[in-house]
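Produce the complete structure using the sequences and hints provided.
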Amino acid sequence: MIQARIKKHFPQARGSAPFVLDVEFNAESGVTVLFGPSGAGKTLTLDAIAGFLRPDNGRILLDDMLLFDGASGICLNPQSRHCGYVFQNYALFPHMNLRENLAFAAERLPRLERHRKVQEMIARFRLDEVASRAPHELSGGQRQRGSIARALLAAPRLLLLDEPARGLDAPLRAGLYDVIREVRAGFQVPIVLVTHDLEECFALGDVMHVLNEGRIVQSGTPESIVERPTSLEVARLLGLYDLFEAEIRTLDPGTNSSYLRFGDFDLKASYLPGKFKGDRVWIYVLPERVRAVPRNGHRPASNQIPATVERIIERPHAIRLEFSNGLRADVARESFSGWAGTREWLIEYPPSELRAL
Amino acid sequence: MGSPYNGEFLMDLDWFPFWLSLRVAAISTMLSTAVGLWLAYLLANRSFRGKETLDAAITLPLVLPPTVLGYYLLVVIGRESWFGRAWEALLGGPLVFTWEAAVLAAILHSAPLLIKSARAALESVDHDYERAARTLGASEWRLFWQVTLPLARRSILAAVALAFARSLGDFGVTIMVAGNIPGRTQTVAVAIYDAVESGNGQLARALVLAVSILALFILWLANRLQPKQVAR
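Chains as they are written, first to last, in the working numbering: chain V, -8 to 348; chain H, 5 to 236.
These aren't lab readings, by the way, just hints derived from the structure by calculation.
Quantities reported herein were computed from a predicted structural model and do not represent experimental measurements.
Don't take every hint at face value.
Going by beta-carbon spacing under 8 Å, a handful of chain V positions derived as facing chain H [as the list claims (entries may be wrong)]:
1) Phe43
2) Tyr76
3) Phe78
4) Asn80
5) Ala145
Even for Gly, the Cβ is constructed at its ideal location relative to N, Cα and C.
This is the structure in structure tokens:
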């Protein structure tokens, strides 16, 4: 288990604004994901844990080993931290073949045992046939597995992965996720993974921390965060929702309902706990849970908003409509084929899907 | 045969300066490489106070007139200096006006170039490899010998070749600290000057041609060694 509290101030430099990294999180067994846009401080956090970056202040504790402590001035070098690090470009040494790369990580072991462990790892990661090849002769997937195997051979107490799937096509990505799940199941090593890909958080993450501008802005399971973002900032970072501001007209806990005024329309929603009548709140709603039907001259029924379609986007599972008022809705492919020429639509919001930040 | 450039003539020529220069260059290159790699490593990897001053001091010999360097070197290794006296006490003779002094002159002439190029070569190694090695538990020593140096190998060999070529060519420092003693300290650069001064055009031409061909070959070698692209 790792407990990290990291503070570092980066003064203004040429071409970059000042930046403050101030994160605190624990990571237990399983995969902990640091999610955020580029420049949020995710990789800096990994670097501070691995010992490449000395924080100004804070404390990093890995199991019973103090890696860094600002108060007492302890700062172990990367060699003594027992943190495996898988780099974005895998960083397999180009002047050694794969087997030599792995043996490099097992140098501390006596010869025979080293040989046995390396062989074991090669077999486990299905690299037998390519073990004597140089890194540039390996496929992308083999390089991935090789660099993870190499990191594990050093017997780390924590495995850090820096955007391992960046720039990979879909099959390679799926393969990588399988490997990471295997590592999660087969090795007793907690994993901290950095990504800006929300799907990756869902595919791998047991716990997810959302980072923005050097801070953690929300933590939880990926499902819980997507269900309930706690701030406008997080909702915007996730990029999943339609967001609009509305005024609370009525609130009734008895019938678990509330009425919202959005523009010229009233929308019925579930009861919004912790809010007051008259509050202006941000409403978030997932476009895939919104219905849209052709207007055909009808007046909007309850919880419907009329809108003019502006863009039609083909997505893998549905057609996404983007309307001129900024709202979005998904329509099933089979129903859309009959409505293709329609410009005027009614967007219908199920009350339980309208949620307030 | 009439022509002065026949084989007999070449055999009769005094090739001692050429061989002496090769020996001086070989030894000075070895010493420069040993010390230079260490300094280049310090400059490339460590941050310490006075680093930029050290870098400037290393660059200084590239811009100072050779006579100034020679003067400094005389001050350091002259018979009155503690270094000169220690040398004399240990080896029974003064250091100045020996071929060993020519080696020192050649080092002063070629080491700055080597250190600068080696530093650039070490710094050009992708830091992710070095960081990866550290997270795998490799000591800085092992990291240098097994990762950084092999990855920078070709650039460093090119720098060593250039340093060798450059140490062949020193004139000013050599003549000040090693003098111009034929058969003892007269290197090829000094010998050419001497030959031209004394009107021995044949000798001058032969030595000039030999040095030029050798230098050209070394430059060609250095270019071949210089990596065309960094393997990933």
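Status of the hints after comparison with the structure:
no.	hint	in the structure
1	Phe43	6 Å, holds
2	Tyr76	4 Å, holds
3	Phe78	5 Å, holds
4	Asn80	6 Å, holds
5	Ala145	5 Å, holds
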